[in-house]
Structure formats: C-alpha cells, structure tokens
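Keeping their order, the protein sequence lines are chains A and B. No gaps in the numbering here: position 226 of the first sequence is 225 in numbering that gives the first Met the number 0, and each next residue is one more. No gaps in the numbering here: position 40 of the second sequence is 39 in numbering that gives the first Met the number 0, and each next residue is one more.
Rather than coming from a laboratory, the hints here were simulated on the basis of the structure. Glycine included, C-beta positions come from ideal geometry on N, C-alpha and C. Check the hints yourself; a few may be wrong.
[Stated by the list, open to error] DEER-style ranges, computed between Cβ atoms: (1) D46(A) x A29(B): 28 to 34 Å; (2) E86(B) x C208(A): 23 to 29 Å; (3) P94(B) x D57(A): 15 to 21 Å; (4) G235(A) x G80(B): 18 to 24 Å; (5) G235(A) x R58(B): 38 to 44 Å; (6) D57(A) x D52(B): 48 to 54 Å; (7) E193(A) x V89(B): 37 to 43 Å; (8) S99(A) x E86(B): 23 to 29 Å; (9) A51(B) x S99(A): 34 to 40 Å; (10) G59(A) x G80(B): 51 to 57 Å.
[What the hints assert, rightly or not] So, partial list: chain A residues that the calculated Cβ filter (under 7 Å) puts toward chain B: (11) H10; (12) V15; (13) R18; (14) H22; (15) S24; (16) Q41; (17) M45; (18) M130; (19) F133; (20) H203; (21) P216; (22) A228; (23) C233.
[Claimed, not checked] Residues of chain A placed beyond 12 Å of chain B at every Cβ, according to the derived structure: (24) T53; (25) R56; (26) R104; (27) P178; (28) D190; (29) S206.
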Amino acid sequence: MIRVAAVGDVHLGPDVRGRIRPHLSGIGEHADVLLLAGDLTQHGTMDEIEVVATEFRDLGVPVVAVLGNHDYQCDMEEEITAVLRDAGMTVLEGSGIVLSLPGGRLGVAGSKGFGGGFPGRGGSEFGEPEMKAFVRHSRRLATAMGEALCGLDADYRVALTHYAPVADTLEGEPCEIYPFLGSYFLAEAADNAEADLLVHGHAHAGSECGKTPGGAPVRNVALPVLHRAYAVYCLGE
Amino acid sequence: MTSREPGKHTGAQPAAGQPLEDQPPDYIAAQVERALARDPRTHELGVRAEVADGVVILRGQVAGEERRQLIGEVARDAVPGLAARNEVSVTEVLPPEPQEEHL
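If we strip away everything but chain A, and leave its shape as in the complex, we get:
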C-alpha cells in the first residue's frame, strides 16, 4: 500500500508564514509522499516561494509539486521552480518521476494544466487566434503530462495538476466559470495512461471527490476544500 498525502492552494507568503508547518511534523507516520497541487504562492514572488520552501522542506517524505496560475503571476516560474528544487522538492511540468516507496513504485506525472472546459461545454481550437491559442495551450500541457505518465514504469500512476480534470470536483463553483477551472484534456490523458488517481487544486469552492469518465478517482485537494493541512489517499492493499 502507498499512502499519498496531498494539498494544494496554500497561497503562502510572509504574512502567513508557519501556517501549515506545525501540522506537517510526523507526516512520515501517515504518508509516504506529499503532493502539492499548485498555487503555492499568492503573487508568484520570490519572497513568497522562500516561505513555501521553508514550510515544506525536510519533511522526511518526498515532496512532489506542480505550480499553479498564481505562481506564474510575476513571470518568475523558472526561478520559483529552482528555489523549490534547491529545497529538495521535485517540480513537474509535462514530466514525471518514479519514487521507490515501501509499498511499491509510485509514478507521478504532473502539469499545471489549463482551462477550456468539459465535454459538450468546452472551447475548440477554432476561429480567432486567441481562442485557438487558449485551447491549444491546454491540450499541449495535457498531452505532455499524459505522455510522461505513460512512460513511467511504476506499480501505481498518479496525475498531479493544478487545474481540474473533471467537472465533478467543481461542484459548488458557479457553473459559468467551469471552463476557466479545468479541462477534460487532463482526464483524457490520465485515463489513456491508466492513472490510478488524479489530484488537483484550483477550485476553492469545489468539492473533494469525483472520478474520470474512465473511472479513476479524482480528488480536489485545494486547502479551502479540505480545511486540513493535507488529505491521505491509499493506493493498493
């Protein structure tokens, strides 16, 4: 059995330093890995990401993260990624990692993902260049994540994103904004890779549990949804 802890949308910064850390002590007793589902900062600044690095470093379990849209706000995503990596974390974008854990090999592929909507209620690569670019960006990120996931030689595969892969876990959000909260491209890519679990954030007013059209469990781990420092999901016996 592999115990996967996850949380997203912590939106840390100097004004809320130390908000999560007290609840992370002893995480190794409850989980084998911690996934961070993006929006680690509020404004995407270096002083904020230093707080994130301090909060999640040296936990005794591997920490695997994707960035969220807030982490891109200052166009410093590369610098932010470098700080997290220097703190010992793995940051994924269209890439994956296999972790050898006591319960087996866990493969995690990740991407920020993007919007575009869900089957029957989504955008298409048609018309104006701006619309094509919007949907194409979403499709490309999902495709890269799916290819990374397929390439992982692991006992269990997890897709980690910031944007939502299904509409199930958006329940509670205004349905008019669903196309800005996620894209079915992510679920499709994960289903094609036979993912065992999809973890995302971004939808603060959404709900925790859903599943893909292929039947894989989806969990929205945004902190305002969980109201706790992290949730733990167990894969396997």
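Based on the hints, put chain B in the right spot on chain A.
Positioned in the frame of chain A, the structure of chain B alone reads:
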C-alpha cells in the same frame, strides 16, 4: 427588447465619467472582481462580489487576516461611492485527519 427614449442617441460621444456606482449592479460587481484580480495588493480570483441595495457584498476565503482586510480595501477603492460589506473568511487549517481514504 427594451424600447429606448426617441432621440436619445444624437451621435455625440457617450457621457464620459459616469460614476461606477450609477451603473447596473452586475457591472459594478464585475468591476470589483476585476480589481481584486488585478490589484497587486490582492491578486485574488476566489472572492465573489455581489451588489444589493447599494452595498457591495464580498464573499470567499483567503489565507490570512491581512489579506481579508486588503480585499475590503481594494473593493472600496474600486467603488468609492458604495459601502462594502466584507464577508470574506480566513481559511481554516486543521490538523490532518487520522483516517486515510482507501481507493
């Protein structure tokens, strides 16, 4: 379709500088949400604004008390002619639950 006053449109420029608070409530709410998203003090997308009886009501969750106060400040700056009621709360962070979920 609503009929308009005959002769209202004369081809002149639209009345410039119409105070935001005189516009339809939906436009005011949208303007406040835009300000919350774009203002560097907040960069907040998760707060919804609603205008009722001339009051801007703000709802959502943020990570800290200072941010909650800034939400109110930015909203008031966006529509200085209206009162703002800040119902935004600070997200709780409880310890993890001892029970994990088996998938």
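Comparing the hints with the structure gives:
no.: 1; hint: D46(A) x A29(B): 28 to 34 Å; in the structure: 31 Å, holds
no.: 2; hint: E86(B) x C208(A): 23 to 29 Å; in the structure: 27 Å, holds
no.: 3; hint: P94(B) x D57(A): 15 to 21 Å; in the structure: 19 Å, holds
no.: 4; hint: G235(A) x G80(B): 18 to 24 Å; in the structure: 60 Å, violated
no.: 5; hint: G235(A) x R58(B): 38 to 44 Å; in the structure: 41 Å, holds
no.: 6; hint: D57(A) x D52(B): 48 to 54 Å; in the structure: 53 Å, holds
no.: 7; hint: E193(A) x V89(B): 37 to 43 Å; in the structure: 40 Å, holds
no.: 8; hint: S99(A) x E86(B): 23 to 29 Å; in the structure: 48 Å, violated
no.: 9; hint: A51(B) x S99(A): 34 to 40 Å; in the structure: 57 Å, violated
no.: 10; hint: G59(A) x G80(B): 51 to 57 Å; in the structure: 55 Å, holds
no.: 11; hint: H10; in the structure: 4 Å, holds
no.: 12; hint: V15; in the structure: 4 Å, holds
no.: 13; hint: R18; in the structure: 6 Å, holds
no.: 14; hint: H22; in the structure: 5 Å, holds
no.: 15; hint: S24; in the structure: 10 Å, violated
no.: 16; hint: Q41; in the structure: 6 Å, holds
no.: 17; hint: M45; in the structure: 15 Å, violated
no.: 18; hint: M130; in the structure: 21 Å, violated
no.: 19; hint: F133; in the structure: 17 Å, violated
no.: 20; hint: H203; in the structure: 5 Å, holds
no.: 21; hint: P216; in the structure: 5 Å, holds
no.: 22; hint: A228; in the structure: 5 Å, holds
no.: 23; hint: C233; in the structure: 5 Å, holds
no.: 24; hint: T53; in the structure: 16 Å, holds
no.: 25; hint: R56; in the structure: 18 Å, holds
no.: 26; hint: R104; in the structure: 17 Å, holds
no.: 27; hint: P178; in the structure: 14 Å, holds
no.: 28; hint: D190; in the structure: 15 Å, holds
no.: 29; hint: S206; in the structure: 14 Å, holds
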